[in-house]
Each structure stands twice: as C-alpha cells, then as structure tokens.
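Novice: Sequence:
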Amino acid sequence: MPYYLIQGAYKETAAKALTGRPADRSAVVKKMVESLGGKLHSFYLSFGEYDVVVIAELPGNESAVAMGLATVAGGAMAKYHTTVLLSPDEAVGAMEKAKKVAYAPPK
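Residues 1 to 107 in our numbering are what the sequence shown spells out, letter by letter.
I should point out that these hints are in silico values taken from the structure, not numbers from a laboratory. A few of these clues could be false.
Keeping only pairs whose Cα atoms sit at most 25 Å apart, straight-line, the calculated BS3-like set for lysine-lysine is [as the list claims (entries may be wrong)]:
id, residue 1, residue 2
1, 99, 79
2, 16, 31
3, 31, 79
DEER-style ranges, computed between Cβ atoms [as the list claims (entries may be wrong)]:
id, residue 1, residue 2, range
4, 20, 61, 44 to 50 Å
5, 83, 35, 20 to 26 Å
6, 85, 25, 57 to 63 Å
7, 91, 47, 26 to 32 Å
8, 93, 15, 39 to 45 Å
Quick reminder that beta carbons are idealized off the backbone N, C-alpha and C, glycines included.
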C-alpha cells in the first residue's frame, strides 16, 4: 500500500474548540484511516503552516482523496494537503525509468 504525508491546518473555530476542551485527536484519525483499509503510522501536532502531520498507509489514491474530502467536509480544517511518499526502492525504480524517458529540454 502507498504511504501518504497528510498535513492540515485548523480553522480558528477548531483551535478554539481544542483549547477549550483539549483532546487527543490521534484516535479519531486512526479510526478514519482504518475505515479506509489503511494503517496510521504517525500523528503529530506541529509548528508553522500546518498544525497536524500524519503519515498513513492507504490502499491507494482513491482512499487518500476520500479521506481528504471527508476531513475538509467536516469543516475543521482551513488547509489540507496530501503528498504521496515513495519508498527508497520506488525512488530508485523511478530513477531507472527516468533514463528511458523520451524528453528533450527546450533550447
């Protein structure tokens, strides 16, 4: 199964709800990932542009998009970003395939 890096930024209303009633949201995320047939590997709160960082293994892109749509539809996120992650073996495979790509840069 592919791995995904998922980043989210809370809306002000969600941040107020969490500070008013602190809660560990990792169990909610784990349940969501598992409902799609996936596995949660990491859940962190973070500084900067995004408040939440998740590493999840999901059956494929369709599941990753479904998770994003459901999360954004819930109304708590101001931003939601998904990045597909490649294993080192997949990256090397891509590098090997890149040698065979018929591409000519503009001159």
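Novice: Find the hints from earlier in the document that the structure breaks and name them by number, from lowest to highest.
Specialist: 1, 4 and 6
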